Amino acid sequence: VRFDPARVDLGGVLRRIESIGYAPRPWSESEQARAQQAEAKDLLVRLGSAGFLSSQLMVYQAALYAGYLEGIEPALRRALEWIALGLALPVFLYAGAPFLRAARAGLRHGRLGMDSLVVLGSGAALLLSAWQMARGGEVYFDTAAMIVTLVLVGRYLEAAARSRASEAVARLARLQPRQARLLLPGGERRKVPVERLRPGDRVEVAPGERLPADGAVVEGAGDVDESLVTGESQPVEKGPGAPAIGGSLNLHGSLVVEVARTGKDTVLAGIARAVEEAQARKPRLQAVADRAVGLFVPGVLLLAGATVAALLGRGASPGEALLRGVAVVVIACPCALGLATPLAVLVATGRASARGILLKGGDVLEALARVGYAVLDKTGTLTRGRPGVRDVVALAPGLTADAALRLAAAVERRSEHGLGRAVAEAARALPEGPEPEVEGFRAVPGRGVVATVGGRLVALGNRAHLAALGMDPSPAEGAARAAEARGETAVLLGVEGRARAVLALADEVRAESAEAVASLRALGLGIAVVSGDHPAVTRAVAARLGIERAVAEATPREKRDLAAALQAEGRRVLAVGDGVNDAPLLSQADVGLAMGRGADVTLESADAVLVRDDPRLAAEAVGLARRADRIIRQNVFWAFFYNLVAIPAAVAGWAHPIVAAAAMAASSLFVVGNSLRLRTPST
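Numbers given in my numbering equal positions in the sequence shown, counted from 1, plus 39.
Since the hints were made in silico from the structure, they are not lab data. Please read all numbers here as calculations on a predicted model, not as lab measurements. Check each hint, because a few of them may be wrong.
Quick list of the computed label-pair ranges, beta carbon to beta carbon [to be verified]: (1) 680 with 174: 39 to 47 Å; (2) 88 with 42: 53 to 61 Å; (3) 411 with 595: 48 to 56 Å.
In silico lysine to any residue, SDA-like type, Cα no more than 25 Å apart, as pairs [what the hints assert, rightly or not]: (4) 80 with 114; (5) 303 with 220; (6) 399 with 172; (7) 303 with 229; (8) 399 with 220; (9) 80 with 709; (10) 399 with 80; (11) 303 with 393; (12) 230 with 292; (13) 399 with 117; (14) 80 with 66; (15) 399 with 718.
C-beta atoms are modelled at their ideal positions from N, C-alpha and C, and glycine is treated no differently.
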């Protein structure tokens with residue numbers, strides 16, 4: 040329960056919570072985990088007590104049913120019946136206390152649920168037996184006890200399943216270390232609680248320790264295991280400038296990290312929050328099941344009453360009629376129907392988060408299972424979003440490609456432009472040589488850069504840039520056109536009055552993109568790539584990945600309009616993007632997936648987040664959603680089918696109340712077991 044303490048009285052909130060039968064506690068991940076463990080432990084103790092006492096009762100009833108107690112002294116028989124009552128009462132009052140409390144709270148608010156059926160069934164059998172004992176008839180204390188015991192079996196396994204399904208959030212909470220090694224200005228190191236860290240602080244992380252907060256590496260190098268946070272199976276190399284995620288494990292190498300985000304603002308806290316919210320949002324099918332459960336219990340009670348009345352009208356004994364009514368009440372199982380959707384959603388969202396996919400709700404899971412067309416952003420989604428040097432063509436006699444690249448990098452090292460950084464990065468792979476002297480560096484926005492290198496005027500940029508400087512770009516025309524035809528950006532290198540080389544740069548296609556496209560196609564999705572980039576570049580990326588439909592030079596509005604046009608054709612659209620200009624597309628699509636390192640506005644407008652920049656997760660999310668959807672439908676079908684068969688069987692007298700209780704528990708266990716299949720990868 041979240042509320043604004045400035046506008047809502049805390050005491051009133053707590054009293055309201057207590058009035059409907061709940062015990063309020065301050066929320067935290069650890070409190071939630073403790074509560075789930077306490078619930079499962081309490082149910083296990085009650086189940087053990089009920090099982091022991093019920094087994095003793097079954098011995099007595101078995102002897103009675105077999106005729107071994109015929110002819111014994113009435114006083115002894117009466118003593119055994121009192122012992123049976125003494126065994127049944129603790130089962131009903133202690134082991135069945137959770138059902139009694141829930142039924143009482145439901146009655147107070149005019150709602151009947153599964154707990155009401157358990158109490159009515161077991162209580163009726165207990166009262167019938169006491170009445171029969173008073174008049175010397177047959178008793179059914181074992182029925183009263185076994186109903187509670189068998190339902191407790193199902194309830195305990197449900198609680199254990201919920202606890203296991205919620206392990207994703209608890210595991211994330213455990214990743215956060217309690218202390219950090221803070222570096223003070225004088226070089227002193229001091230251990231402090233992580234709650235005291237602030238943005239700008241520097242912390243030292245030794246091998247084997249977890250990073251205490253989000254930030255960036257400023258010193259040191261090493262490998263970091265981010266698998267429990269992002270789902271990335273391989274360790275990630277970290278060096279100065281690399282992002283650091285709180286909760287990830289430093290495998291080797293000492294790191295100094297400058298803190299950027301702490302507490303609720305960290306990636307780890309965001310993931311935990313997203314998983315919790317996803318598990319709370321209901322899909323449409325669950326709303327249908329909830330309405331069915333609300334009508335189900337009163338209907339079952341009416342049917343049980345009609346069964347008793349019909350049997351009494353036909354001359355059956357009150358004991359026989361009431362026992363038949365008890366069987367009808369007990370065998371009816373809205374519990375399985377109520378579990379059918381939420382448990383599957385709980386397990387699926389937990390599984391997704393472990394793989395680095397944050398779904399924002401069960402409704403997103405449902406929508407994702409039905410998408411039929413994927414619109415993929417190019418830059419930053421299918422490509423890495425940063426250019427790299429693909430080729431260097433030297434045009435002057437005696438000038439090698441390496442020499443041209445080295446000369447270009449000497450100028451670009453002072454540039455802040457993305458293409459300039461790519462050139463400088465490519466030159467770092469060359470053998471080390473003398474550093475040329477660079478003077479008079481100047482950047483011309485939209486055209487290129489120019490500087491004096493070793494006494495020569497050197498320019499790097501487009502044709503217009505060289506022409507404006509009085510350099511002849513024509514020698515590079517052929518190589519430049521060839522690069523542009525391949526979807527690459529041509530950068531001309533001019534030295535002393537004319538073009539001497541052409542550098543071809545292109546945004547690198549992610550190694551995972553081809554597999555991602557193939558996986559989406561294998562799932563039956565149509566695919567389009569959309570980009571604001573040049574048509575030749577967009578078409579080249581699409582052709583390389585085998586995507587037939589490519590939309591280039593698209594504005595954010597045009598990207599949104601593409602999704603709307605596909606929806607107008609009756610398609611359900613999945614959109615994947617990472618930039619601010621992708622936000623309208625993600626909002627328009629039936630399901631929007633944001634790459635995890637995308638802009639904040641993109642993450643807010645998306646329905647799900649891929650924590651690591653791997654487009655293959657989009658196909659994995661669709662596959663998981665379809666598995667979850669199948670399992671939810673199987674659960675719902677089974678719950679309805681079970682009741683369709685079981686209730687008439689109980690009305691017809693084919694199911695003794697003990698058999699009815701076992702069948703009801705079995706139906707819940709089927710739903711639990713079927714849902715837990717989502718914890719493992721599909722085969």
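Structure-based check of all given hints:
no., hint, in the structure
1, 680 with 174: 39 to 47 Å, "holds (41 Å)"
2, 88 with 42: 53 to 61 Å, "violated (38 Å)"
3, 411 with 595: 48 to 56 Å, "violated (24 Å)"
4, 80 with 114, "violated (41 Å)"
5, 303 with 220, "holds (20 Å)"
6, 399 with 172, "violated (57 Å)"
7, 303 with 229, "holds (23 Å)"
8, 399 with 220, "violated (34 Å)"
9, 80 with 709, "holds (22 Å)"
10, 399 with 80, "violated (31 Å)"
11, 303 with 393, "holds (19 Å)"
12, 230 with 292, "holds (19 Å)"
13, 399 with 117, "violated (61 Å)"
14, 80 with 66, "holds (20 Å)"
15, 399 with 718, "holds (18 Å)"
The structure fails to meet hints 2, 3, 4, 6, 8, 10, 13 from the earlier list, while all remaining hints are met.
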